[in-house]
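Visitor: Build the full structure now, drawing on both the sequences and the hints.
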Amino acid sequence: MSATSLSASPARRRLPLELIGGWEVGLLLFMALLYIAGIFINPKFFGQPDAFSAVLRDTARFGVMAAGMTFVIVNKDLDLSVGSTYGLVATVFSIAFSTSYYDLGIVPSLLAAIVAGVAVGLINGIFVTVLRVPSFITTLTMLFIGRGLVLGLTGGKTISYGEKATQNGAWFFSIGETNALGFNNQIIIFILVTIVGMFVLAKTRWGYETYATGGNEMAASYAGIPTRRVRIRGYVLSALSATLAGLMAVAQDKGITSQYGQGAELIVIAAVIVGGASILGGRGRLLGGALGAILVTLIDKVLREGIPMTRTMKVGGVEMQVQGMAQLPPGAVPAFLGLILLIAVLIEPWIIRRNVFPRLWARLRGRPLPPVIEVGGVAIEGAQTKGSSASDRSMRARGPLGRFFARRDAAAIVLAVVLWVVGLYLRPDFWGSIDNTFNLMLSFTEVGLLAIGMTYVIANGDIDLSVGSVLALSAATCAFFMKQLGFDPWTAVFLALLAGAAAGVVNAALTVGFGLPAFVATLGMFYMARGIGAWMTAGRQLSAFPESFNLLGRKLIDILTYLGIAPTRDTLLYDLAAAVSVQTIFMVLVAIIAGIVLAKTPFGQMIYATGGNRRAAEYAGINAGRVRAISLVFSALCAACAGVIYVAFLRSFNPSAGQLRELDAIAAVIIGGGSIFGGYGTIIGALAGAAVIALIRALLSLQIILGNGQSLVMPQHWVNVFIGLILMVAVVGDIWLRQNDVLGSIRHFFLARRKSGANHA
Amino acid sequence: MPEKAPLLIEMKNISKAFGPVQALRDVNLRLAPGEILGVVGDNSAGKSTLMKVMTGAYQRDSGDVLVDGQPTHFKSPHESRVHGIEMIYQDFALCGNMDIAQNIFLGRWPRRGLFVDRRRMYAEADSVLKRLKVDVNSVFQKVESLSGGRQQSVAIARAISFDPRVVVLDEPTANLSVMATERLLETMAELKQHGVAQIIISHRLTDIFEVGDRIMVMKRGQNVGDRYIAHTNEAEVLELIVSGTPETALTADQALAAKAA
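These protein sequences, in sequence, are chains C and H.
Using the UniProt record's numbering, the letters of the first sequence correspond one by one to residues 1 to 761.
Using the UniProt record's numbering, the letters of the second sequence correspond one by one to residues 1 to 261.
In short, the hints are calculated from the structure, not lab data.
Any given hint could turn out to be false.
Claimed, not checked - Just the calculated beta-carbon pair ranges, DEER-fashion:
hint	chain 1	residue 1	chain 2	residue 2	range
1	H	Asp126	C	Arg626	30 to 36 Å
2	H	Ser44	C	Lys203	31 to 37 Å
3	C	Gly625	H	Asp163	26 to 32 Å
4	H	Gln90	C	Gly539	52 to 58 Å
5	C	Gly733	H	Ser15	52 to 58 Å
6	H	Arg111	C	Leu560	38 to 44 Å
7	C	Pro226	H	Ser147	27 to 33 Å
The structure displayed is predicted, hence computed values, not measured ones.
Yeah, the Cβ is synthetic: ideal placement off N, Cα and C, and Gly gets one too.
Guide: Given below as structure tokens:
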């Protein structure tokens, strides 16, 4: 969105500022200021002329990705997978090209990389359009699958081929070089892509179709625009630009690390939104995206470069000046980028549509205020899409078994039992033991706890992408206060829960108060919470906490022993207390309370009503905003509890705590009968779903002893890829089997055919 | 007919603007107990806006809304409900994921202690549906699996379970089959017998002429005429819709007097 189209009356449009677009000019001004600030803070880096070209060079890759992302966002979609695609493409190219792997020529390697990129785009597009899976779920899963693939393919190792690059395909690797004119060739590509993209989006049918689809998809499809194809095209363009960016990166580095492209999606999405695109679709310009990319990369650079400072130290009675850099710890930068993303998303609806600056200016001059552009309680959220009207299968169900299978959570319960039996069949020696059962319970506890909170949020028709990060934030808070500041465990636990609740309150304020879609608000928190956690602990692992705290993650017997009231050995009570852990008891308690509230009380009914039809709920006097806010805070609290338990159980805090857990929790709720569109979900189902996830993880990491005596364990990266696939299958299955009853329609179709066939005979 | 009971609802000189758009300008509306009033007019005539001002979904810029002669300032539809005003929305405003009984008691589920009293809820929902003579399989059926006509029956059942004095129906026949429309009109007549006043917003004059007592015509946010059904015909109403002006608007009584003269 540019300020031109909204704030200008015809008379004012002649002003030069309006002609070039006020938004872009503002971006340029802000950038110049930031650069000057950068020079002021860090003259060593930003003072050099090279720095300018270095910033542009690093921007080039993000700028290219922003071009593709602009199409997706204008289409009213979202692509969280660009960073993964970027890494995956670089990995595929490197593996194909590297002498230590396939050692292919430059052209086949490039082809392989492009095929991989296009495949990602097509898969994204088809899942979002044809299979109607919400875009953030599809591309978030693709993000994790891509990351798992990169780790799995590289085995976490660095690949480099500087030697081969000089002999083979020098023309390709020259992309990453500085040219005769003194700047990097990537900058030329960035400018070319931006110009071509601007032309396509502003002047061609493709661009017009994109704006129409994003503005009002239904109207566009009534007008004969193949909106499905337009949206798939957006995803393919986005994946292609990520492919190009990935290839630019390998051309520059002549090698990869397994961390390639991590977090790139955040920079790219923030760039496009900062560049003036609306997350609600239909608005956005490529030039804005490109400028946004420069701005966000610049901010990223300023944050990462750190401030040089001189510290005076006394060494052996002599004062010495030590040069040092005050730097943000690794992992903290996303906290700022997430914040920028959220602020940028809020600018369009709250500053521009409300004409805040012109109104302020008019008020200062005592002129009549220009009108607010949109009034009448227009929510900035997109319309809630429902699956479709389903036939009520429970009305056809007969007998207790039929009634059980008509339940939405039946599949999860059956699946959990089946998976357990499979485990027993594969490793009867190990699986059947009490120990293993309770170890399973442990991994189940974390997912279960997150899934309980997530059930509330999903039943409301919202989503919480931040649970894994909030878990990390609360774990970090707990560890930090105990270890660094020496707080006693209970205060630390209280503060950790407080931090989690605060994250939930921010989520709630952004979704309910500011009307952002829940996935955008919690996506911002996804980066912010983990970043703040990493910042607090300076990206390090913390361990060695008081034993009284660690008891939270121990078995019941340890507590009883600690308190000196342990039962004697070899009694049933002793065995039981030795088997059950504190966290499992806690999780079961939370589950029972949350389950009763959701199923039996008016508050639970309010949640289902809000998720089913928010407008109807509000007409009926339900404060839907309050219900949604409470659910989001509850979800964050559950995640915070899981974080505290994590630290107590592992006796240490690791900054990667809870990574991918949001995926597990969402998958658990969907498998357990929740609907991604809201209105459904039970605690029993979510727990069964969490059991399914825990069992799949356990099964996949089971050591299988092959016939020839070798044993086989699947690496964790591949397990994550598999969990991502499970989530996709669960969401697609929910939309098509539970809600649209595809099986029923197929049965009907064949029954009708048979009947008509019989009539013919 | 001229000698009337005191008015149930009276809206006087209502104005409402959305930014630069003047949606309502000095509109008046009168509704007697047990009366069925049809509100007609072109698109953008302000019919729905007027109803939303009445129920408190929108806040008026100026004018008065009197209920039983008392001035009111409803902040939300919830407050007008307390005064016995119920609105049935064009899309019925039901939660498809919940069953019929849960929808009838949406937002005011009967409780026992902390919990929802399910037995009472289903029993009372059943009796409301029986009173309406709606044939649904059971109160346990999910609303999204019902046809449009049945969904509307649920919406009406929900409205009358509040024992309202006024029911506002927004385009009630727009999404219904002929059969369902017939049944709806019967229901409306029955409600009238129970003394429930109704306001029906519709494009279909035939429906209003079948059950209505009075018809009010709006155009571009203003009153352009008001007639008793018994003393007018579709042609006259169409004439008003197309070429009526606020200056030539007559109230139903004035029109009757003019006709008699």
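Visitor: When the hints from earlier in the document are held up against this structure, which numbers fail?
Guide: none
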